[in-house]
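Novice: Residue numbers (the working numbering), protein chains in the order written: chain A, 1 to 308; chain B, 1 to 506.
Honestly, the hints are just simulated from the structure, not real lab data.
None of the values given here were measured: they were computed from a predicted structure.
Even for Gly, the Cβ is constructed at its ideal location relative to N, Cα and C.
Be a bit skeptical, because a hint or two may be false.
[To be verified] Reference excerpt, derived from the structure (chain B facing chain A, CB under 7 angstroms, subset only):
(1) A93
(2) A110
(3) G114
(4) G116
(5) Q119
(6) E120
(7) R197
(8) R434
(9) G449
(10) V452
(11) Q453
(12) A467
(13) P471
(14) M490
(15) G492
[What the hints assert, rightly or not] Here are the simulated EDC-like pairs of lysine to aspartate or glutamate, each with C-alpha atoms no more than 16 angstroms apart in a straight line:
(16) B/K44 x B/E83
(17) B/K340 x B/D215
(18) A/K272 x B/D227
(19) B/K340 x B/E210
(20) B/K147 x B/D165
(21) A/K73 x A/D60
(22) B/K386 x B/D227
(23) A/K272 x B/E127
(24) B/K44 x B/E68
(25) B/K386 x B/E83
(26) A/K73 x B/E488
(27) A/K73 x B/D86
(28) B/K340 x B/D227
(29) A/K272 x B/E68
(30) B/K386 x B/D133
[Said to hold, decoys possible] In silico negatives: residues of chain B with every beta carbon more than 10 angstroms from chain A:
(31) S315
(32) S339
(33) A410
(34) D438
(35) D456
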Amino acid sequence: MATEPRIYPSKRFRFEIKDNLWKWIFLLPAVAIILILLAVPVVWTLYAAFTDLHLYRIGDFETEFVGLANFEKLMSNRSFWRTARNTVVFMLGVVPAQLIIGLTVALALNNITRGQKLFRTWFLMPLMVSPVVVSFIVGRMLFQEDIGPINDILRNLGFDGVPWLTSPTWAMVALMAIDVWQWSSFMILMLLAALQGVPPDLHEAARVDGANQLQSFWRITVPLIMPITMTALLIRIIDAFKVVEIIMVLTGGGPGQATESVTLAIYRTGVKGGDLAFGSSQAYFLLIVLMIFGGAYLVLTRRAMGKD
Amino acid sequence: MANKVSRRQFLQLAGGAAGAMALAACAAPAAPASSGGEAMSQEKIVIRYAGLDGMGARVEAFMLPWVEDNGYELERGAFGQQELTDKIMQSVATDTYLADIFQFPSNARADVIGAGALQEIPTEVLEAIDFDDVLPGIVNTLSWEGKVYALPYDGDIHYYSFRKDLFANEDINSRFKDSYGYDLSPDTGAVTWDQWRNICEFFTGWDWNENGEEDDFGAACMTKRGDTLWWGFNSRATAYAKHPDDDAYFIDLDTGEARLNNPGFVRALTEWVEEMQNWAPPGGTNFTYGDSLNAMNGGRVAQTYNWDAVTSATSPETSVIQGLQGYNILPGSHEVFNSKSGEWDYFDIPSHAPFHAFGGWVIAVSAQVDDLAYDAVWGFVTHLTKPESGLAFVTDLTGASPYRFSQMDAVEEFATGPLQLGEEVAMDYLNAARETLDHPNAVTDQAFGGWVQYRDALELGVSKALANELPPQDALDEVAAAFNEISERMGGLQHQAELYARTLGR
Chain A
1 MATEPRIYPS KRFRFEIKDN LWKWIFLLPA VAIILILLAV PVVWTLYAAF TDLHLYRIGD
61 FETEFVGLAN FEKLMSNRSF WRTARNTVVF MLGVVPAQLI IGLTVALALN NITRGQKLFR
121 TWFLMPLMVS PVVVSFIVGR MLFQEDIGPI NDILRNLGFD GVPWLTSPTW AMVALMAIDV
181 WQWSSFMILM LLAALQGVPP DLHEAARVDG ANQLQSFWRI TVPLIMPITM TALLIRIIDA
241 FKVVEIIMVL TGGGPGQATE SVTLAIYRTG VKGGDLAFGS SQAYFLLIVL MIFGGAYLVL
301 TRRAMGKD
Chain B
1 MANKVSRRQF LQLAGGAAGA MALAACAAPA APASSGGEAM SQEKIVIRYA GLDGMGARVE
61 AFMLPWVEDN GYELERGAFG QQELTDKIMQ SVATDTYLAD IFQFPSNARA DVIGAGALQE
121 IPTEVLEAID FDDVLPGIVN TLSWEGKVYA LPYDGDIHYY SFRKDLFANE DINSRFKDSY
181 GYDLSPDTGA VTWDQWRNIC EFFTGWDWNE NGEEDDFGAA CMTKRGDTLW WGFNSRATAY
241 AKHPDDDAYF IDLDTGEARL NNPGFVRALT EWVEEMQNWA PPGGTNFTYG DSLNAMNGGR
301 VAQTYNWDAV TSATSPETSV IQGLQGYNIL PGSHEVFNSK SGEWDYFDIP SHAPFHAFGG
361 WVIAVSAQVD DLAYDAVWGF VTHLTKPESG LAFVTDLTGA SPYRFSQMDA VEEFATGPLQ
421 LGEEVAMDYL NAARETLDHP NAVTDQAFGG WVQYRDALEL GVSKALANEL PPQDALDEVA
481 AAFNEISERM GGLQHQAELY ARTLGR
C-alpha cells in the first residue's frame, strides 16, 4: 500500500508566514481604528433608529425602545418621500450629463497631441474647489436673479431673466448645472485614463480589416473602457445620492421643498433638529437603498461585461 | 418591557465606548506623573471662552488688557453661527465640557438653561453690572423660572427701516397721496402693514433712485429657507396674530396646540407672498437676510425690516443711503385675530406686536467651569457685561445692538462714536429699540425646547407658499400639523405649553 508522502512546509513557506504575521501586526492598529470608527457609529445609529432618542427634549424623560415606529413614520412621511424624489431626479439629471460631457472631452483630449497635459490640468481645476465655494461663486453669484451676470446677459439679449432660485424647476436646473460643472472633471479624468489604456494596435488592426471609426469606437473602445466607466458611474451615482453642500448654500432646499435632498433632510432632522431617532431611521433607509442599488449594479455590470 | 436608559447615559455610553476603544488603539506612551499641587499652583489660570468667530474676536480684543492685568490667560474657541449653537447644544445634551464661558443664542435658553448647563448668576455680579438697567425684554431672555442664568451682550431685534428722504420728497408724497389718500410720513414710515403694502406697491416699477432704470422696488425681506425666513415671516405676522390680551403667540398656552394656521397667520402669509412676488426685486422670494440688506443699502428698495439695517447702512463701502434712512418699531394693525374668541378684533389705534427676533446673543458661565478658574471667570463676565463695556460694544461696529435703558439715552455716543449715525438717525434707532424692547405686547421669540425643528417646519411651509407650491392656508395647515407632531415627540403638547409659559416668564 502506497503511503502519501508527508508534506513539510518549506523554508520559503515558513518565511512567508512570518512575513505575513509581521504585516498583520503592523496593519492591525490601522484596521482596528477603522473598524471601530466604522462599527461604532453604524451599530449606534442602528440602535438609535429603534428608540425615541431626542437630543433636545427637556425634562425627566428616558430613552425608550420603540420598535419599528420610526420606520413606520418614515414610510408615511410625505416630506421624506419628496426629498427622495428630488434626490433621484437630481441623480438622473447630473450623472448622464457628466458621462456624456466626460466622454466627449476625454475622447477629444485623447486625440490631441499637443497641450494635452495643459488641458488635463485645466479640466481638473473644478475638482479642486470646495463644493461650498463653487455653490457660492458659481451659484449664488452667477445665478443671482436680480443682478447676476447670467440674467444680465439674457436681459441685454432681449430675454426675460430666469427665476433661477425661486422657481422649483429652475432651482433644480441651477443645482444640476453646478454639479455637472464641478464633477464632469472627474469623469474626464477617469475616462481619459481608460482611453489611454486602450492599445492603439487594436484600432490599427480594425482599420486594416476595414472598420470605420464609429465601428472601431463601439467594438473596441467602448468594451475596453467599460470597467472604468462603470466604476466611475457608480461613484458618481452614490455621490449624487448624498448631495448636500451645494443645496444648503444655493437654495437651502427651497423654493418650498423643491430641491431638498435626502441627506439634507437627515442633517436637518438629526443634527440640527436633535431628533436622532428619526434621523437615524432616515440614514439607514438611505444606506439600505444605496447598498441594494450598489450591489445590484455591480452584479448586473459583471454579468453584462462577462457576456461581452 | 420598555428598555429605559437616560438620554445622557445613552450618549455617554456610546461616546465613551468609541473614545475608549479609539484611545486604546492609538494610546500614546504614558506621561510622567505630575509633581502635584506645587506645579498646579504655579500654572497660569486659563479662562476658556467659546463664541462666534467675529464677535468672539472683538470680545478677545476688548478683554485682553483686563486678562493680562490680572495675570490670566484666555483661550478662545471660534465657531460659525450655526456651528456654535450645534456645539453648545451637543455639549449640553452629552454633558461634556465645552468652555468656562460661552456665548449662545437666547432662543436656545430652554435647551441650555433648562438642561442645567449653566451657573445661576450670583447676586453680586448682577449688582456689579447694574442689572436693573437692562430692558425687560432682554431680562426675559436671560432668565429661567425667575432666576437669571445669563448676562446681556446684544439686544437683537427687528427694526422697520425706510427711506426718509423719499418719504419727505414733496413731489413723491403728492403722487402717493393722490393714489392712496394720505401722506407719507418721513417721521414714522409705515405705521400699519396696510401702509407698508401701499408703499410697496407705490415704489415698485419706476425710477425713484434715478439710476436711469425702472428697476426699483417697494421692499425686500429675508425669505430664504434655511437662512432667516423664520424671523422674516414672524416679524410680518405678529401684528395680526398676537393679541394684546393673550400672552401666547406660537402655541396655545392651555392646550399646546399650534396656532400657526389661524386666520392671523394666514392673512400675514397671503399678503407677504403677494408683496414678495410683486413688489420685491427679482429673486425676492428666496432672499437671504444679506440680500435684503443689500437691496436696501444699495438703494433698490424703499423699506425693509432687519437686525443690522442701522449699522450696515452707515458704511460707505456697502451703502449708498447713509443718513437717508429712518427707523421705527415694526408696523402694526387695526385688526388683530383673537385666538380665544376666534374673531378679528378692531383697534382704533393700531396694535403693535414687535417681534424680539432672535433675542440676541447672551453670555453665560458653564456649570462645568474649571474650579481653578472660578473667580477669574466671574470677574471676566462682570467686566465684559458691565454698563461701560456694553456701551463700548453697542456703539461700535460689532453687530451688537443696545439693550440697556442707559444705552437708549446715549444719543451722543451713537451719533458721533464709531458708528457715526448722526443725531437724527441715532434718535430714531434708539427710540425704535426702546419701544420694541419695552413694549407690553412684544412677542418673545420661540425658545421652548426643540426650537430648531419648529423653525424648520415653519420655514418649509412658508417657503412652499412663497414658491406657489401650496396656497397659504394649506401651507400653514402643514406647519401647524408639523408643530403638533414635534411637540408630541418633545414630550407632549401640554409639556411644551408649560415650557413655552416659562420662556414667557410666567
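Novice: Could you run down the list of hints and mark each one as holding or not?
Specialist: Do the hints match the structure? See the list:
{"no.": "1", "hint": "A93", "result": "holds (4 angstroms)"}
{"no.": "2", "hint": "A110", "result": "holds (6 angstroms)"}
{"no.": "3", "hint": "G114", "result": "holds (4 angstroms)"}
{"no.": "4", "hint": "G116", "result": "violated (10 angstroms)"}
{"no.": "5", "hint": "Q119", "result": "violated (18 angstroms)"}
{"no.": "6", "hint": "E120", "result": "violated (17 angstroms)"}
{"no.": "7", "hint": "R197", "result": "violated (20 angstroms)"}
{"no.": "8", "hint": "R434", "result": "violated (33 angstroms)"}
{"no.": "9", "hint": "G449", "result": "holds (4 angstroms)"}
{"no.": "10", "hint": "V452", "result": "holds (5 angstroms)"}
{"no.": "11", "hint": "Q453", "result": "holds (4 angstroms)"}
{"no.": "12", "hint": "A467", "result": "holds (3 angstroms)"}
{"no.": "13", "hint": "P471", "result": "violated (12 angstroms)"}
{"no.": "14", "hint": "M490", "result": "holds (5 angstroms)"}
{"no.": "15", "hint": "G492", "result": "violated (10 angstroms)"}
{"no.": "16", "hint": "B/K44 x B/E83", "result": "violated (29 angstroms)"}
{"no.": "17", "hint": "B/K340 x B/D215", "result": "violated (44 angstroms)"}
{"no.": "18", "hint": "A/K272 x B/D227", "result": "holds (13 angstroms)"}
{"no.": "19", "hint": "B/K340 x B/E210", "result": "violated (49 angstroms)"}
{"no.": "20", "hint": "B/K147 x B/D165", "result": "violated (46 angstroms)"}
{"no.": "21", "hint": "A/K73 x A/D60", "result": "violated (25 angstroms)"}
{"no.": "22", "hint": "B/K386 x B/D227", "result": "violated (32 angstroms)"}
{"no.": "23", "hint": "A/K272 x B/E127", "result": "violated (37 angstroms)"}
{"no.": "24", "hint": "B/K44 x B/E68", "result": "holds (11 angstroms)"}
{"no.": "25", "hint": "B/K386 x B/E83", "result": "violated (28 angstroms)"}
{"no.": "26", "hint": "A/K73 x B/E488", "result": "holds (13 angstroms)"}
{"no.": "27", "hint": "A/K73 x B/D86", "result": "violated (25 angstroms)"}
{"no.": "28", "hint": "B/K340 x B/D227", "result": "violated (32 angstroms)"}
{"no.": "29", "hint": "A/K272 x B/E68", "result": "violated (38 angstroms)"}
{"no.": "30", "hint": "B/K386 x B/D133", "result": "holds (10 angstroms)"}
{"no.": "31", "hint": "S315", "result": "holds (19 angstroms)"}
{"no.": "32", "hint": "S339", "result": "holds (25 angstroms)"}
{"no.": "33", "hint": "A410", "result": "holds (37 angstroms)"}
{"no.": "34", "hint": "D438", "result": "holds (29 angstroms)"}
{"no.": "35", "hint": "D456", "result": "violated (5 angstroms)"}
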